[in-house]
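Protein chains in written order, with my numbering: chain A, 1 to 124; chain B, 1 to 278.
Honestly, the hints are just simulated from the structure, not real lab data.
A couple of the hints might just be wrong.
Computed footprint of chain B on chain A, listed as stretches where at least three residues anywhere in the stretch have a Cβ under 8 Å from a Cβ of chain B [what the hints assert, rightly or not]:
| id | stretch |
| --- | --- |
| 1 | 21-33 |
| 2 | 105-116 |
Simulated pairs of lysine-lysine, DSSO-like, Cα-Cα distance not exceeding 30 Å [unchecked claim]:
| id | chain 1 | residue 1 | chain 2 | residue 2 |
| --- | --- | --- | --- | --- |
| 3 | B | K97 | A | K43 |
| 4 | B | K130 | B | K192 |
| 5 | A | K43 | B | K130 |
Where is the CB? At the ideal position from N, CA and C, for every residue including glycine.
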Amino acid sequence: MAEDREHGLEMAMGRMLQIGVTVSALVVLAGGILYLLQSGGAKPDYAHFQGAPAAASTVGGIVGGALHMDARSVIGLGILLLIATPICRVIFGVVGFAVMRDKFYTAVSVVVLAILLYSFVAHR
Amino acid sequence: MNVFDFSLALFFTSVLAGFLGAMTGLGGGVVIVPALCLLFKVDLHYALGASLVSVIATSSGAAAAYVREGYSNIRIGMFLEVATTLGALLGAYLTAKVSGNWIGVIFGLVLLYSAWTSVHKLDDQPRRGKPDALALRLNLRGSYPVDGGREEYVADHVPAAFGIMFGAGTLSGLLGIGSGAVKVLAMDEAMKLPFKVSTTTSNFMIGVTAAASAGIYLSHGYILPSLAMPVVLGVLAGSLIGSRALAQAPVRSIRLAFVVVIVALGAEMIYNGMTGRL
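In isolation and in its complexed conformation, chain B is listed as follows (with noise of 0.2 Å):
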């Protein structure tokens, strides 16, 4: 295949798991590791490098939307950003030190995990009475748009998520992906933060994890920019037109027919990995 055929078939591939990201939540970089290994054949650290980048890419861009409408909590998201980051670092600097079977199969249980919350959706928590005394210290509070009003929120259960968050930025960092799927687990299920301010929340707090670990990536040549290229350009295209599509399609059966594929690359994922194809 010459490099323009290659770059044409990676560019519609990236703009097709920008769309299913988009489209579910998850983001582009679940299925853009998997998708370069397995079917592209490319080596596990420049698809970790590609998928990276555009991580950095999408979550920019959507961040930029959010927060504008005032959804995204900055102080909460700055804050726990402490932890991503610190744990970006340490998934960055493991990737070099663990070998690529194992990082394929920890992707793949990543990405069976993800298939499970992106079909069992998470409600809004029922709340303790009394509000975190740590929260109203830490400034760990706000309110968010509710049909036409703002509703009050407090953070809960704060050295939790600021642990789950060190977790999520080392899973980020060792597998070149945003794990938004961690991140809303630590502000959903810890926090009790209401859905819209937790996913928003994640999205914008995406990036600055990423780029943690990208000074480590591309000081050991993982990120090769004619590969990255038409990963970058085909993800972030397909992820704009997912979010505009997700205001009117019917969602559901795409999240669905997504999960399968989530599944079976996760499965294959760990497959590859055990036999010591990686």
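Chain A with its partners taken away, still in its complex shape (with noise of 0.2 Å):
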């Protein structure tokens, strides 16, 4: 019974991992094609560090510049779908473990799922 339900949460998240890893790619590539139409033709400059702009270095401008179809918060987009992947497998964990009644790994994927939350609202 618990090997069971065990055994049921290794799948969930392998299937959770696969899907979120697909859709990611898929909105990455079709940005990417986007992005490659729409560019002038000359290479941007990536030899001095200037920072990303606000369309694809925060999560707002990032949705609100692919609901415009800009090509860069597109990819953008996918990026975002990509980091949320494993940060659902962990939410996963925290369900998965509260249904096993399995007090001690429940606070700890609470745990690893507030450090990854963390990440996302420090350093303004």
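If you follow the hints, you should be able to join the two separate chains into one complex; please do so.
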């Protein structure tokens, strides 16, 4: 019974990771095609660090830009989905261990989730 | 070079990096950063950003298969992720404080270490007689499939492994890599886990570790979409081909060729860092 649930959690995490990576790669690819079509032809300057524009470095900027079909924001959206994939896997852990009534590992998963979310609010 | 040619060249380089990374088990990230900096003359911080994103993609893709086959230990992985994610936050924070030249030197040393572990294959370690009391209390145990049956194991030296994992996380955040070589060290040498369990659980943890740095990388502007796009797609495609080929090809010669490439890149990163060119 307990082993069945554990195996069920493994299968759910595996399927979720696979879907997450596939969907993000497709969004990055779509954005990439759009980018190559929209760009004037000249290569941007990658040799000197200026930092990515707001349309590609904040969650709000990326989602807003993607809605207007800005190519870099669409790629950024794919990257956000990719970053969300392992975070989602940790959420599966929180729920899965809670269902198995494993208090210690539910708590461990919550701590990992909190650290991950902290990385998105820190250093503004 | 126009943007189309540049993206195409970057894509094929990344396919090669992903292919070799999967063949050797070191991941594509260790080659992508030096390739971008040395070959394509990309700024180091942009290279770290593109590499980190590709690391999340390949590790999540590979973990999807391993976790379903029942090799990865979810509990051990989740427990050690507390250490790796905290380390990753520190590492990502340090990228803005440490000079690029120092990052280059540290990167080169990690490359040389990875090359060494790739040649010097770790064997399953002899176990101590008595199981670790802390590991039993934390339920850091499991079983994995061996020729039809399942073999039981219990983790050893938990505090030491936790400490090494914090270091692995810091390197991952500082260098934009998965630092699988250090993670395997903690689980294989300290925890004495079976090799198949430590390598697949390491892979399972890499995506979450990298995701902890990703938020900080994003807000620092390290992740350039136009640069990350060909890198992510290329490394992902290359690692898919590599893991398929792994089942059939004679790996030894490819592994040795890759080690030579890694040693050369490592030496050049150290040289460029010491002479202040990064």
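Which of the stated hints cannot be reconciled with the structure, identified by number in ascending sequence?
5
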